[in-house]
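Engineer: Residues per chain are reported as follows:
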Amino acid sequence: MGQKKLSERAIEWGASAVAHASILIIALIFLFLFAEGYKIFAYDDPLHIFFGTDWQPTSQNPRYEMLALIVGSLVVTLGAMLIAIPLGVGCAIYLSEIAPPHLAEILKPIIEILAGIPSVVLGFFALVVLAPLISLAFGVPSGLTALNGALILAVMILPTIETISEDALRAVPKGFREASFAMGATHWETIRHVAVPAAMPGITVAILLGFGRAIGETMVVLMATGNASIMPTGLLDPVRAMTSTIASEMGEVAQGSAHYFALFMVGCILFAISFAVNLAASMIVKRGQNS
Amino acid sequence: MNRKHMQWLAFTLLKLCALMVVAVLFVIIFDIASKGAGAISWEFLTEAPKNHMTQGGIFPAIWGTLLLSIGAILLAFPTGVLTAIYLTEYSAQSRTIIFIDAAITNLAGVPSIVFGLFGFALFVAFFGFGASMLAGSLTLALMVLPIIIKTSEEALLSVPHSFREASLALGATKWQTVRHSVLPYAVPGLLTGLILGVSRAAGETAPILFTAAAYFLPSLPSSVFDQTMALPYHLYILSTQSFNLKATEHLQYGTALVLLGLVLALNLAAIIVRSHFRRKYRW
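Chains A and B are the protein sequences, given in the same order. For the first sequence, the positions run 194 to 484 when the numbering used here is used. For the second sequence, the positions run 892 to 1174 when the numbering used here is used.
No lab work stands behind these hints: they were computed from the structure. Where a beta carbon is used, it is the ideal one built from N, C-alpha and C, also for glycine. Treat the hints loosely; a few may be bogus.
[What the hints assert, rightly or not] Now the stretches of chain B that chain A is said to cover, found in silico as 3 or more residues with beta-carbon under 8 Å:
id, segment
1, 1022-1034
2, 1125-1133
[As the list claims (entries may be wrong)] In silico PhoX-like cross-links for lysine-lysine, where the CA-CA straight-line distance does not exceed 25 Å:
id, chain 1, residue 1, chain 2, residue 2
3, B, Lys941, B, Lys1137
4, B, Lys906, A, Lys367
5, A, Lys301, B, Lys906
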């Protein structure tokens, strides 16, 4: 065989360069966030910034302490997980193990449609429909609370948790279930003691990615939770998440100011969380492939 | 409680879970559709907002969203498909693949608001594009890139290996093989990714908050360096920052319905394309 033609090689190089761009983009995101974000440490020490609860970026004596925002994000996210995990995993078990195939065929696109609803539309729904209901049901003056955010965020991450859990359950070999049936186990006992445990790594990945999705979501939280940057004491308090803080303050901030750097540091925290979540998820996936 | 009753109870609960999910979807869509339908009219779809956005239509926002998402897909689609071609057809060293794969997975998990921050720092400030359609489309392109790559990879991998072997055996080069024996059969999958990418870009708000979106503009954007209105952002400000929230509720619902309709129509198109071609090609 002669030498590869030049055009062939050019195409291969081109494709290779473009493919490597993904690595470059991730590196650039980290670089730009960190390069702006770390400058906030010139204004206060990291201990105060990460563990203080006073977020007052526009006051006379500005404070850029982020704990209330971090806790705000966590409260809403964990609330959403409490609702979405049982519903999502339950739905996945029903669709993969129990529902007749034709029903599963119909339900699958329905869940895809739910996944496609833009987050701003869900946020709008929480704002005009859910919030007044919560205000009425719990006798609080405004329904824009952590609970409201958690409920609508749960709706948003349901499809993520359901789809990945269902894939994991469907990947469990049929032989496992047949063996269980042959031992005299009922259908439910087989699901509970054989199918679900075998699919557990996949279900864990589903939960992790659902968590990452929830804590990184902006519009839903921005519109639904009331945005008060105080330490929340319960689900019926208004809260302000990290994402919504960036969204609502970035527009008015002067480039190169302490406030600007502080918002980039909040972005760094979010980026670090999403990085950790993805790393954990891919480690679980890899361990599953090896065994 | 015996085993049969236990099973009945568990299955009922699981069925309820599935029912809840479906019910939630229907409640949300029904609420938006029933209250939004009244606001939809020819004027609403073709006119600009009037009277401090308390009257009139949403045409500039529809137009802006179309331009932004088409711009994003023009940038992300070729890049994504080429990346997928490299990953599935060319790259041999597994270490490279692992790194690129990890980068793509991470990119898919980056919160949309972080893309917004990054887009601001890189495109708006560093490159000096300002808040513009260009900066917005670039930011959205980064966000939909992982979706395009993943769906394209799946599409390419689903083409049987024997197609490639047959082509190579006939003396075709690598690129000729990819070009004539792989890509044509992956088109439906690639198309699905393209439509899903447009739909995702059209529905996102956070990445364009500080890179492209304007509260109100008297005229349509005339160059890529102009700011633009956009449907998701318009819904956000109408429902949170209007002078009189109650009085504009029909406009808010109308905007929500148009956005929801646009995005769901695109998703439906993707589902149809996929199932249509799945029936057409069988190997």
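Engineer: For each hint, tell me whether it holds in the structure or not.
Structural biologist: Checked hints:
Counting residues of the segment 1022-1034 of chain B whose beta-carbon sits less than 8 Å from any beta-carbon of chain A gives 1, not enough to reach three: the coverage restraint is violated. With 4 residues carrying a beta carbon less than 8 Å from a beta carbon of chain A, the segment 1125-1133 of chain B meets the three-residue requirement, and the given coverage holds. Under the criterion of a C-alpha separation no larger than 25 Å, the hint pairing B/Lys941 with B/Lys1137 is consistent with the structure, at around 17 Å. Using a Cα cut-off of 25 Å, the hinted pair B/Lys906 and A/Lys367 holds, with the two alpha carbons roughly 22 Å apart.
For the proposed pair A/Lys301 and B/Lys906, the alpha carbon gap of about 15 Å is at most 25 Å, so the pair holds.
When each numbered hint is compared with the structure, a violation occurs for hint 1 only.
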